[in-house]
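Undergrad: Sequence:
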Amino acid sequence: MSRLIEILEHPHTKIAIASLAAVAVVGGVVYYMKKNELLFFKQRPKNWIKVGNLANDLWIFPIKSCGGIPLKEIDCNMLGPHKGRFLRDRVFMVVRSSNNEFTTARTYPKMILIKPTIENNIMSLNAPGMDEIKIDIDKLYESKNKLIATVWKDKAPVVDCGDEVAKWFSQYISDKKDGFRLVFYPSNEPKPEITKRVKMFKAAERKDTGSLQDETSYMMMNMASFDDLNTKLEQPVGSLQFRPNFVVTGTREQLKPWDEDNWKFVKIGNDAVFQKVEPCLRCYMTIIDPETGERNKKEEPLKTLKSFRIFKNINKQSPLFGIHLGLKSTGTIRSGDAVYVSY
Numbered sequence: 001m002s003r004l005i006e007i008l009e010h011p012h013t014k015i016a017i018a019s020l021a022a023v024a025v026v027g028g029v030v031y032y033m034k035k036n037e038l039l040f041f042k043q044r045p046k047n048w049i050k051v052g053n054l055a056n057d058l059w060i061f062p063i064k065s066c067g068g069i070p071l072k073e074i075d076c077n078m079l080g081p082h083k084g085r086f087l088r089d090r091v092f093m094v095v096r097s098s099n100n101e102f103t104t105a106r107t108y109p110k111m112i113l114i115k116p117t118i119e120n121n122i123m124s125l126n127a128p129g130m131d132e133i134k135i136d137i138d139k140l141y142e143s144k145n146k147l148i149a150t151v152w153k154d155k156a157p158v159v160d161c162g163d164e165v166a167k168w169f170s171q172y173i174s175d176k177k178d179g180f181r182l183v184f185y186p187s188n189e190p191k192p193e194i195t196k197r198v199k200m201f202k203a204a205e206r207k208d209t210g211s212l213q214d215e216t217s218y219m220m221m222n223m224a225s226f227d228d229l230n231t232k233l234e235q236p237v238g239s240l241q242f243r244p245n246f247v248v249t250g251t252r253e254q255l256k257p258w259d260e261d262n263w264k265f266v267k268i269g270n271d272a273v274f275q276k277v278e279p280c281l282r283c284y285m286t287i288i289d290p291e292t293g294e295r296n297k298k299e300e301p302l303k304t305l306k307s308f309r310i311f312k313n314i315n316k317q318s319p320l321f322g323i324h325l326g327l328k329s330t331g332t333i334r335s336g337d338a339v340y341v342s343y
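Taking UniProt numbering, the leading residue of the sequence shown gets 1, the next gets one more, and so forth.
Everything labelled a hint here was simulated from the structure, so no lab data went into it. Take the hints with a grain of salt, since some may be wrong.
[As the list claims (entries may be wrong)] Ranges of calculated distance between the beta carbons of each label pair, as one might list FRET restraints:
| no. | residue 1 | residue 2 | range |
| --- | --- | --- | --- |
| 1 | Asn145 | Ile122 | 13 to 21 Å |
| 2 | Trp152 | Asp57 | 23 to 31 Å |
| 3 | Ser143 | Lys303 | 39 to 47 Å |
| 4 | Ser174 | Ile49 | 47 to 55 Å |
| 5 | Gln254 | Ser307 | 25 to 33 Å |
| 6 | Lys155 | Lys303 | 30 to 38 Å |
Ideal Cβ placement from N, Cα and C applies to all residues, glycine included.
Hey, can you work out the whole structure from these sequences and the hints?
TA: Shown next as structure tokens:
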């Protein structure tokens with residue numbers, strides 16, 4: 001027995017056990033997705049209609065409500081778009097120190113000016129008037145500083161990113177030394193709950209809830225709908241105001257305004273297949289200019305959207321623009337990839 005304990009306590013043994021555990025976790029995620037893909041295979045659409053191509057920039061927003069990172073290629077798994085282990089969509093979030101409840105640019109618009117960059121395992125943060133700060137994401141995966149944060153009414157298991165970055169966010173958001181903290185979602189599995197808002201849509205499943213996203217892991221925007229909206233505005237806005245992961249562009253013959261309301265499945269490139277889970281309900285985030293961090297005084301483009309995109313059978317206050325997607329088949333997608341739909 002003493003010899004067994006000695007072997008188990010040996011540093012090389014501990015490293016081997018840790019490696020096997022990591023493989024088991026990753027293997028479990030892969031198995032979960034492959035099982036889901038096999039179940040979906042029988043109902044996978046046979047007929048696809050090309051509606052256009054992906055726009056040049058694909059977007060990942062590492063920190064909820066903060067700036068995004070444009071990419072030309074992303075991988076798609078059930079947690080959302082990612083590139084490698086460290087660049088993942090909405091796995092960081094700002095919470096109030098008092099109750100670990102999320103806070104966003106809806107309340108503090110200047111958050112949208114926080115610009116993250118990620119190189120290997122290091123995330124660097126920059127914001128107006130602030131010194132750059134760096135976070136080692138790799139260490140967060142091993143952190144013991146666990147807590148439960150709230151996203152709307154969902155409970156999400158996260159780890160705290162430490163006092164130094166908490167002070168940085170508090171200083172920038174409120175000009176105080178405390179009040180806000182940054183948390184990280186280290187899990188490879190979706191949030192354990194589905195909000196009541198998502199439950200109202202029959203296609204929603206727990207695996208679609210993602211990490212710290214409001215609704216699902218992916219949001220797509222139809223450029224034809226966006227262009228139609230801009231014709232109705234006194235002052236046109238940019239597409240990034242709606243924070244999509246990807247945008248579909250196409251000719252007038254291919255891509256019709258608001259046709260996404262009728263899409264049931266979306267295929268991008270050769271492998272990645274998504275199901276439309278629900279329309280995207282729009283809020284005051286849309287009135288914040290991502291370049292200035294300022295709210296539009298006329299509450300545009302939200303005001304105009306409300307004039308023609310509210311469907312009372314879905315929501316009486318929030319207009320619809322864009323679609324939330326749930327992943328059915330994993331794959332890598334690239335800017336310019338063909339986009340196909342099934343009705």
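Undergrad: Take the hints in turn and mark each one as holding or not.
TA: Status of the hints after comparison with the structure:
Our hint of 13 to 21 Å for Asn145 and Ile122 holds, since their Cβ atoms are close to 19 Å apart. Hint check: Trp152 to Asp57, Cβ distance near 28 Å, so the stated range 23 to 31 Å holds. Range check, Ser143 to Lys303: about 43 Å between beta-carbon atoms, so the 39 to 47 Å window is met. Checked against the given bound of 47 to 55 Å, the beta carbons of Ser174 and Ile49, roughly 50 Å apart, stay inside it.
For the pair Gln254 and Ser307, the supplied restraint of 25 to 33 Å holds, since their beta-carbon distance comes to about 27 Å. For the hinted restraint 30 to 38 Å between Lys155 and Lys303, the CB-CB distance of approximately 34 Å keeps it satisfied.
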